[in-house]
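Numbering-wise (my numbering), the sequence shown opens with residue 1 and increments by one.
No wet-lab data here; the hints were simulated from the structure.
Heads up, a few of these hints could be off.
[To be verified] Derived DMTMM-like pairs: lysine to aspartate or glutamate, alpha-carbon spacing no greater than 20 Å straight-line:
hint, residue 1, residue 2
1, Lys115, Glu295
2, Lys137, Glu294
3, Lys143, Asp29
4, Lys119, Glu275
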Amino acid sequence: MKRYLAVDIGGTFIKYGIVDEQASILEMDKTKTPKTLDGLLELLEDLYQKHPDVTGVAISCPGAVAESGVIYGYSALPYLHGPNIKQLITDRLGAQIYMENDANCAGYAEVWKGKAQGKQDVLVMVIGTGIGGAVIKDGMVHKGANLHGGEFGYMVVPSDSGTGYDTWSATAATGALISKVARLKNIGEDELTGEAIFDMANAGDVVCSEAIDQFYQLLALGIYNLQYIYDPEVILIGGGISVREDLINHINQKLDSILKHLEASKIKPKIDTCEFRQHSNLLGAVYGFIREREED
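Full structure from sequences and hints, please.
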């Protein structure tokens with residue numbers, strides 16, 4: 001059975017593991033993300049040399065990954081943007097390399113062995129500091145003309161800012177919830193976490209409860225728009241917030257309220273949490289590698 005070295009490049013840590021063609025993770029570990037491009041290349045070379053029997057290296061990374069191997073956009077790792085990273089890694093390792101955006105990898109994991117398996121039209125949302133995701137069309141990731149397919153967080157929604165509108169990421173991501181509560185309580189954002197806000201709300205904190213209610217409302221508003229833009233079979237939600245057992249129920253309540261006021265709207269989005277969370281990028285990168293080789 002073929003085995004692949006899967007690598008998930010994050011701003012703080014790099015996760016890596018050996019994944020077989022049945023999506024079994026045979027071994028896994030993580031290390032601090034190098035501060036330089038040379039450090040990254042050295043790390044990848046070391047990992048590959050320790051696993052010379054793998055079929056290839058499948059990499060998940062931030063940014064807009066072009067087929068050429070250049071990573072456009074912006075991320076917490078500026079050194080990824082500019083040079084042809086894929087070519088540099090290929091030259092350094094002498095191995096077959098596959099590279100894809102991390103949110104798209106999360107989408108591929110769901111297509112391979114998750115809740116998008118067997119489906120053709122699916123949207124995958126990843127909610128964290130911002131909102132990203134993947135558009136699945138005919139079982140494949142759709143990147144779009146500018147490699148921005150799935151960048152749902154750029155969608156404009158109403159807000160209480162001076163302009164009256166803002167991006168979905170700036171208003172409905174977990175990071176936005178933390179920023180709002182910190183501002184209302186006049187404390188530093190580093191003193192809060194999303195989990196702490198939910199705990200305070202459960203203990204009766206009115207500020208946190210109202211902020212969470214608006215958080216669900218804005219999530220539902222964006223999800224409603226996505227349903228009528230793309231009409232997917234299901235919208236899957238990932239990211240840290242997806243571990244909350246009441247997440248889907250609360251969003252569904254807000255969707256019911258929206259639909260109640262829009263008589264012409266008859267389609268309620270079907271939403272669910274992602275099957276995979278912390279391992280999704282590793283699995284999805286390997287699936288993307290396999291699919292790409294099948295097409296060649």
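Consistency of the hints with the structure:
Proposed proximity of Lys115 and Glu295 is contradicted: the alpha carbons are some 24 Å apart, above 20 Å. With a C-alpha separation of about 18 Å, the suggested pair Lys137 and Glu294 falls inside the 20 Å cut-off, and the hint holds. Restraint check for Lys143 and Asp29: not satisfied, since their Cα atoms lie roughly 29 Å apart, outside the 20 Å limit. As the CA atoms of Lys119 and Glu275 are separated by approximately 14 Å, the hinted pair is consistent with the 20 Å bound.
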